[in-house]
Every structure is written in C-alpha cells, then in structure tokens.
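So the sequences go chain by chain: A and B.
When we follow our numbering, the leftmost residue of the first sequence carries the number 1, and every step to the right adds one.
When we follow our numbering, the leftmost residue of the second sequence carries the number 1001, and every step to the right adds one.
Honestly, the hints are just simulated from the structure, not real lab data.
Built from N, CA and C at the ideal position, the CB exists for glycine as well.
The reader is advised that the hints may include incorrect statements.
[As the list claims (entries may be wrong)] Residues from chain B that face chain A, not an exhaustive set, calculated with beta carbons under 8 Å:
| id | residue |
| --- | --- |
| 1 | Thr1191 |
| 2 | Val1194 |
| 3 | Ala1201 |
| 4 | Ser1202 |
| 5 | Met1204 |
| 6 | Phe1207 |
| 7 | Leu1212 |
| 8 | Pro1213 |
| 9 | Ile1219 |
[Claimed, not checked] Far from chain A, by Cβ distances over 10 Å, these chain B residues were calculated:
| id | residue |
| --- | --- |
| 10 | Tyr1077 |
| 11 | Glu1084 |
| 12 | Ala1195 |
| 13 | Tyr1200 |
[Unchecked claim] Derived contacts from chain B toward chain A, CB cut-off under 10 Å, selection only:
| id | residue |
| --- | --- |
| 14 | Asp1088 |
| 15 | Glu1193 |
| 16 | Ala1196 |
| 17 | Arg1197 |
| 18 | Asp1198 |
| 19 | Gln1205 |
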Amino acid sequence: MSETALKTRPAATESETAVDVIGISKLFGSAQEIRALDDVSVAIRKNEFFTLLGPSGCGKTTLLRVIAGFEPPTMGALHLGGRDISRLAPNQRPINTVFQNYALFPHMSVANNIAFGLEMLGKPKNDIRDKVTEMLQLVRMEELRSRRTSEISGGQQQRVALARALAPQPEVLLLDEPLSALDLKLRKEMQIELKRLQSETGLTFIFVTHDQEEALTMSDRIAVMNAGKILQVGSPREIYAHPSERFVANFIGESNFLNAHLSGNRVTLEAGGGTYQAVAPEGVADGKVSVLVRPEHASARPGEAAGEELAATVETVVYSGDATTLHLRLKTEEPLKIKMPNGPEQSTAFGEGDSAAVTIAPGAVTVLKD
Amino acid sequence: MSETTLSGSKIETETVVPAASGKKAPKGYSVSTLPGFSVVAIFTFFALYAPIMILVLYSFNAGTSLAIWEGFSLRWYVQAAGNERVIDAAIRSLILAGASATIASICATMAALATTRTRRFKGRTMIYALINQPLMVPEIVTAVALLIVFAWIKVMTGYTSLLYLIAAHTAFCIPFAYLPIRARLETMDDTLEVAARDLYASPMQVFRRVTLPLMWPGIIAGFMLAFVISLDDVVITEFVKSAGQETIPTYMLGQLRRVVTPEVNAISTIILVSGAILVSLFFWVSRERR
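Make a model of the complete structure from these sequences and hints.
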C-alpha cells in the first residue's frame, strides 16, 4: 500500500511546484488555544533547497511535521506534485525526513538502517543491496557498512541518516535542524556536503534551522517564520538586503533602524543627508516610515558632513580583526552602527567623540512594513 | 586532554562517541570518608548474607540437625532429588511459573504499550495505579479474594486443575512484569518509531521491526521477575491450590510443620542458586542488548 503511493505519482507535471502548502493552520492545546501555524501558505519549487528559518517556537518544525505527515493540519491542504496528500499517513507519502537526533535504529547495522525504507517498500533484495551500496558511496561511508550505529561518530551518524532518508528516492527530503548537534568544523563540512548531495540528487530539500548563517549559505530560497506565520519568502540576497519587516531584518544579520519619510519611491532620513531611491513594500503608504540600513552598507570619514553626507558623532570604536565597527550617534539622537573592512595599515582614524561624515551606499535603504 | 583545552581554540574533530567515559565522583567528597562507613557496610552485608550462608552451609550437613555440624555430605541433596514429592512439586512450580510469567509478560507488554505509546488521555495516571494495584494491596487480601471467587467457580463447575493457580499467579505477576517493560519503553526514543513510519513502515511493521526488538530486554526482564516472584509465592498459592497441588514453597512449608531436616536447606540452596543464575543472566542480556 505504501508502494502505491509512489507508483501513482503523477508524471512530472509542468508546474514548478513540488510542495504546495495551502492555508495550513495547526492548533494545539486542550482548547486549541495554541496556534503553532497560522494560515501558512507557501509554494516550494522542484529541485529547490528551501529553508524554513526562525527562532525556536516559530512553527518551523511543526510545518515540517505537517508536511511529513506526523501532525495532521487543523485547517488547510497540502499538495505534492499537484496531488492532495493531506490525508495520507506518513508511510504513504514519498517524503523522507532527516531527524534532528538522527533517529537511527540502534539494533541495526549501518547498512540495515539504509535498507529499511527500501525493505518496507517491498523492493527486491538485489535492488536493495545495490541501492545501499550506492548510498554508502554517496555519503562516503562504504567501509562502515556493517558497524552498529552506536559505534560511529556524530558526523558519521548524520551521514547515515541522510543516506537512509535518500535511499527510497523520495520526492522531497525534509531536514529538521540536522546540523545542530555537530561541532562547528563538522557543521561547515556537512553544509557543503548537503549542498553537494542536493545538486547530485536533484531533490527538493526542505531544511529547518534557526541558524541564519546556515540558511544564507545553503538555501536557494528562505522562508522566515515567526509566531506561526511566514513573514517573507525570498532568496538569501533578497532576505538579507531587503527584508520586508523589522523582525526579519533583526533576525538576519545586524541592522540599523532609522526614521524616515517616504514619498513615492524616494526616502528622506530624519537625520538629514540626501534622498535615497527605495522600493516600498506593499501596503506601505507615503509618509513617516521605518527604514533599514545594514552596517556594512554605509561608510564614514572623519570630519564635518558636507553635501549629502550625514553628520554624526563617534561614540565607540570596536576593532574585530577583519573589520572595525563604529557606533555613531546621529544628530536626531538615533544610533547608527557602521562596519568597515580593515586594510593592512592602521584600521581607522576615528577617536571617540570625533565628528564623522556618513555616506550610505546607493540601494542600501530598505523601507520596512512596520 | 583535548577536551580541557581552551574552548574554541581547539575544535574537536570527529571522535567516536565515548561509550564509557565513566562518571567521576565529585571532587573532595566521598561517602566512604565518613566515620563509621565501613562498620555500616560490613553490618549491612552481614545482615543480608549471614543467615543465607548458614542455610547453605547446613544443607551440606551430614547429620539431621540444623544446628549441630556433623561433617560434610551431599546426602540431603541426594534425598531431595530422590524424593518424588519434591520432584512433583518442583515440576509443578516450574510449569506454574513458566505459564503465569509468560501470560503476565504478554499482558504487561500490551499494558505498557497502551500507557506509553498513546496520546495522553485522561485517567492515565489512574491506569498506572490500577495496573500496579497488586503491589499495594496486601497479598493476604488478594489471596482471600481469589479463594472465595475460585471456590465459587469450583462449586459451580466442579472443575479443578492447575489453571486456577496459573490465573492467580498471572494476576499478581502482571505488575512485576509491567514495571521493567514500561521503564524500557519510556527510555526508548519514540522518534525511532516516527522514523520507521516515515520510511514507509505500516503501524504493524513499526511494531515488529522497531518497537518489539528494542523493548525486548524489558520484556525479558519482566518475564524473569515475574517468574521468580511466581516461583517464590506461598500465600496466594496456599489459599488457591486444590488438594495435592503442592509447589516447592508450599511443600517446604508443609515439611517444616513436621520434622525439620537439612533437606529443606538443600532445596532452598538449589532455588537460591537457580535464582542467582537467572538474575545474572538477566543483567547480562540487558547489557548486551543496550
């Protein structure tokens, strides 16, 4: 029966969408008072490395569990390749999961773990053996095939978990913070490994993480979540450079928030200086707005401001090797952080209390929804 | 070692998860330095084992006394082994313990699954308490209750057999089998079962391929505990058994009422040794499986 789920898979539709999440809500609690997911809709494309990013408790793992079939949605529908799979049990969905704690079967060898899904699908023994060998090669674990899962390291367990989830050739692979248990060096290695696996297998990966850097380096697209809602979906570049709202800007990277005035597609800062080209997000009217400027998208020189430069006073200078961060105070009393790369010579000519003239790079001003 | 170097300065490379890093006692404090520690320790072991040692010793007594040593002999073992009533009782005890421990383990396994592998439901704590009830209720109360019920059935049907004893033993063995099985299920990571579901296993396949193999040490522990408890039981057996249905404990009790000979010591020693073997076996099995 689980096999039929795979067999009836429709011939690759023209639509680019792999997983279509349509208005899904998930309520928990005895009185359904906890909204883990609040009317979430998102279309995840085929062959895409898609990341759900957000703080803990934002609903990203719940969304993953709904897609896997471990949690039935309270409302909404879930389509896979155009077919409604909302009512299917987890074993009937051609979707596999890499769990946060790997969840390897401790009573089976590495090879038997990888073979498990194929066995359950009732594949012939020879096919299973070949596939397991192929998978072991893919994750570079051939020599450990008959080991017990308790006898291998965390990084190796991680790879076995990946191989096990990939072996049945699912349409979608779900990864629930799979790198969080690894140390920094191994995590970096596995990030590259995951990207390699994704491009080699051409699968749709849905990756859950709370680590913004991980999301930025690995994803094709990112959905930033908070309080059960998706706030913004976009490429890492879009999300980083042009977050739609304050939460997204704050969650990813460092931010300066400034008060400004919007008129058409021109923005004037309250702190003075020139006007900047900026695209306002939908639903933001002309008038008083909040804008974002990333610290590395502005620069400063010592001296009094002239022309379109902003006048500021240096409060602190923080040297951090590759860059120097200036904490400035604008004439409107708004704080402004500026991060400038260090050259081989003396890093900065600024002293505390000095005047500084700030230049904001073209396109660096992003109007926020709130 | 590498773990104690400054954090961050040296990033740990892939290390095989240390299975037996061993817990270190907190520095500067150990109970064994307290005054009187060794006295208490010695007394405890003495109280636990001295009577048993004497019992074992006198099972090898050549004489008929339990108090006067008359030289080493295996005569009481030979006599016990040749005593048809002893053999009859031993066989009955083993059948009874085997049957009731098996049935109790099956019931306990299902009860443990129902109380750990279902969504939280109202009254689950009540269910725990109810399953463990025989541990709380004095055995004599259960015995009298069973005596009355079974006597009533016996009168109604005129049917007498070992089944009454098996039923009675199963009843009080269930909580003993239930405890280790439930403990095992609770420490088992239930994501494993979710993972199996994710990998196309039907609920029945999940049970057969993942849950059952992993809970097996718990079931074995539960079975052994139930077996030993059943083998040892006097009170309920005495109340429920029909005429002539002696088990080893009730036979020994009967013997003690007449003449006490080291034969009972010999039988006790055999039970003791078999019990010790069973318990060691259990520890060995559960260690291997983990």
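Do the hints match the structure? See the list:
1. A distance limit of 8 Å between C-beta atoms decides the matter here; for B:Thr1191 the minimum to chain A is near 4 Å, and the interface restraint holds.
2. Given hint, B:Val1194 at the interface with chain A, holds; its Cβ is 6 Å from that chain's nearest Cβ, closer than 8 Å.
3. About 5 Å separates the beta-carbon of B:Ala1201 from the nearest beta-carbon of chain A, less than 8 Å, and the hint is met.
4. Checking B:Ser1202 against chain A: minimum C-beta separation of about 6 Å stays under 8 Å; hint holds.
5. Annotation: B:Met1204 was flagged as interfacial toward chain A, and the flag is violated, the nearest CB pair being 11 Å apart, outside 8 Å.
6. Taking 8 Å as the C-beta contact cut-off toward chain A, the hint placing B:Phe1207 at the interface is violated, the least distance being around 13 Å.
7. Interface hint at B:Leu1212: violated, since its Cβ lies 10 Å from the closest Cβ of chain A, which is beyond the 8 Å cut-off.
8. Annotation: interface hint on B:Pro1213 holds; nearest CB of chain A at approximately 5 Å, less than 8 Å.
9. This hint is violated: B:Ile1219 has a C-beta 14 Å from the nearest C-beta of chain A, more than the 8 Å allowed.
10. The claim that B:Tyr1077 is not at the interface with chain A holds, since no C-beta of that chain comes within 10 Å of its own (minimum 42 Å).
11. Every CB of chain A is more than 10 Å from the CB of B:Glu1084 (nearest about 46 Å), matching its label as outside the interface.
12. Interface exclusion of B:Ala1195 from chain A breaks down, the closest Cβ pair being 4 Å apart, not more than 10 Å.
13. Under the 10 Å C-beta cut-off, the non-interface status given to B:Tyr1200 relative to chain A is violated; the minimum distance is some 4 Å.
14. At its closest, the beta carbon of B:Asp1088 sits 42 Å from a beta carbon of chain A; the interface hint therefore is violated under the 10 Å criterion.
15. Because the smallest distance between the Cβ of B:Glu1193 and any Cβ of chain A comes to about 9 Å, under 10 Å, the interface hint for this residue holds.
16. At its closest, the beta carbon of B:Ala1196 sits 7 Å from a beta carbon of chain A; the interface hint therefore holds under the 10 Å criterion.
17. Annotation: B:Arg1197 was flagged as interfacial toward chain A, and the flag holds, the nearest CB pair being 4 Å apart, inside 10 Å.
18. Proximity of B:Asp1198 to chain A holds as hinted, the smallest CB-CB distance being about 5 Å (cut-off 10 Å).
19. The criterion of a C-beta within 10 Å of any C-beta in chain A is met by B:Gln1205, whose closest approach is roughly 6 Å, and the hint holds.
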